[in-house]
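Chains as they are written, first to last, in numbering that gives the first Met the number 0: chain D, 0 to 297; chain U, 0 to 312.
Read the hints as simulated data drawn from the structure, not as lab findings.
Certain hints may be false.
A short, non-exhaustive set of chain D residues, derived as facing chain U with CB atoms under 8 Å [what the hints assert, rightly or not]: (1) N112; (2) E118; (3) N120; (4) I136.
Here are the computed distance ranges between Cβ atoms for each label pair [said to hold, decoys possible]: (5) U:H118 with D:R6: 56 to 62 Å; (6) D:K113 with U:L184: 36 to 42 Å; (7) U:E87 with D:A277: 41 to 47 Å; (8) D:A257 with U:E87: 24 to 30 Å; (9) U:L114 with D:H260: 43 to 49 Å; (10) U:S22 with D:Q228: 29 to 35 Å; (11) D:D189 with U:W126: 29 to 35 Å; (12) U:L114 with D:T97: 47 to 53 Å; (13) U:G294 with D:N112: 41 to 47 Å; (14) U:A19 with D:H170: 25 to 31 Å.
The beta-carbon is built from N, C-alpha and C at its ideal position, and this holds for glycine as well.
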Amino acid sequence: MKIDSNRQEKIAALSRLATKVRRRDMQMIYKAKLGHIGGDFSATDILVTLYSEVLKIDPKAPNAPDRDRFILSKGHCAGALYTTLAFAGFFPEAELDTFVEPLSNLNGHPNRNKVAGVETNTGPLGHGLPVAVGTSIAANLTGLGYRVFVITGDGELQEGSNWEAAMAAAHFKLDNLTVIVDRNRLQQGDGTEQTNQLDPLDDKWRAFGWSVREVDGHDYNNLLDTFAQVPFEPGKPSCIIANTHKGQGVSFMKDNVAWHHKVPNDAEYAAALKELDALDGVAAPKPANEEVEVKVGV
Amino acid sequence: MTQLYDCRDAFNEKLLELAAKDSRIVTVVNDSVGSSKLNQFRKEFSTRLINVGIAEQNMVGVGAGLANGGLIPFVCGASPFLTGRALEQIKADVAYSNTNVKLCGMSSGMAYGELGPTHHSIEDMAWLRAIANLTIIVPADPNETAQAVSAAASINGPMFLRISRLGVPQVHPADYKFEIGKAALLREGRDVTLIANGVLVSKALEAAELLAARGIQARVLNMATVKPLDKEAILKAAAETGGIVTVEEHTIFGGLGSAVAEVVVTNQPVPMRILGVPGVFAPTGSAEWLLEYFGLTAQGIFDAALELTGARV
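Let's have the full structure, built from the sequences with the hints guiding it.
This is the structure in structure tokens:
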């Protein structure tokens with residue numbers, strides 16, 4: 000497929016921003032000695048695409064009634080969200096240095112009452128989607144017509160509350176609601192399929208009444224095309240299964256279960272920075288059409 | 000014979016009245032339209048009644064989302080399921096997120112009688128009281144219920160209303176003004192204080208009559224707001240009457256009695272008796288029978304107050 004020059008510029012800008020977000024996020028986690036770097040990096044490309052090209056939001060009016068809503072259901076990846084929000088202008092970048100320090104607004108999990116741009120407090124899993132269903136219904140009842148986007152983890156889908164919400168979203172025909180599943184195939188302790196099998200995940204969402212597409216969650220072109228097409232079907236909520244790699248961007252973190260919430264030591268930090276620096280300004284390499292090799296039990 | 004009222008009727012009449020004036024008011028239910036007596040609401044405001052089916056976690060999350068969208072959701076479900084099943088959603092999505100959600104625990108306490116402990120809600124006060132940033136109200140009669148609904152709609156913030164289905168008499172005068180966080184002084188007395196809420200307020204008033212016949216003047220406080228608690232009224236009662244009996248349709252662990260005791264022991268220690276369900280699952284029996292069984296009656300309160308005042312002198 001031929002990509003026009005306008006699109007190429009957008010992709011290059013997204014790639015630069017994503018690298019900036021990963022680098023700043025890692026610095027933050029390294030300094031704080033706490034964070035969830037693996038999941039942060041798997042969701043980063045989706046987050047920067049949403050905040051740069053999809054969401055109708057104004058950081059100067061974070062509570063505008065007709066804003067699009069974004070909910071990070073996998074709240075433990077607050078580091079990626081905070082960094083994205085800071086670069087989007089919701090709060091000064093310098094505040095990132097306070098991450099998890101005593102009395103910081105930037106808790107280990109996001110708090111809507113302290114951080115502009117956060118819609119609901121997440122952390123316990125399986126909470127984002129039910130709230131998003133309510134907000135989507137509110138968009139219809141109030142006639143404000145905004146859209147609601149949610150990123151869930153894949154392991155998180157083992158929580159039953161998601162499926163209560165999934166059923167309701169289809170029942171209420173919420174085509175203003177889009178869920179993006181960060182399908183990195185790893186959870187805290189093991190592979191998702193080794194822990195409590197999710198596949199066939201697309202069939203599950205379809206069976207619940209959603210319109211489903213799969214994307215490469217690190218391919219900006221693919222993400223842009225897909226987001227431009229929501230709702231995929233009128234009268235149905237949209238599900239994007241974004242195939243991602245935990246730890247994307249740093250070779251030794253990628254697809255490695257150990258990096259769920261590991262903090263890089265000095266040598267790892269230096270090596271990771273070097274890899275991210277090398278990516279700067281370069282579109283993330285398109286993953287070869289290979290099967291994801293999940294390293295478990297490291 | 001004293002007329003008895005089902006507080007769900009007053010709850011719904013007030014909700015209908017408010018909803019007609021304020022399009023932000025919506026209801027969320029878990030297939031509980033009938034048990035929450037919301038049939039008329041559904042008839043008049045069909046798009047504003049959101050029935051998520053039998054899914055309490057989603058129900059509370061949806062409530063938080065509706066509030067995010069600027070609406071005022073009254074989330075209505077049988078109290079045991081609303082509170083027990085969705086406790087983490089109440090904590091994270093409502094209280095911690097500080098969303099403008101009104102949680103309405105219907106048919107609370109042991110109102111479901113013979114349906115058994117799975118359907119009793121005698122732990123809800125303990126669970127919810129432990130959560131920060133949640134106002135908890137247990138109205139005693141239709142008048143207070145209606146005013147609590149008005150207060151819930153007009154005040155921005157998370158709130159829990161505990162609404163019984165057991166018949167209760169009006170315990171307040173018609174001109175009673177309910178205020179969140181303020182105990183209602185229903186009877187003055189200097190010998191002992193009876194503190195109750197919900198369906199047991201009328202029993203406390205009856206007990207005060209029995210005590211008066213024995214020359215004991217009991218003060219009666221309706222502590223409709225369990226959180227924030229009216230510390231001033233409690234400390235005044237402790238200082239002026241020297242002893243407190245609490246009565247609640249709830250386990251004695253963590254509810255009204257515990258809340259009052261926390262204030263009393265740290266500020267103005269006086270003897271107390273805490274009446275409620277003594278940490279057991281109720282045996283089979285109707286709601287009325289269970290209240291008798293656990294001594295949550297005028298006689299039971301009278302006995303406890305007599306014993307307490309006798310023990311004191």
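(message) Under the constraints set out in the numbered hints, which ones does this structure not fulfil?
(response) Failing hints: none at all.
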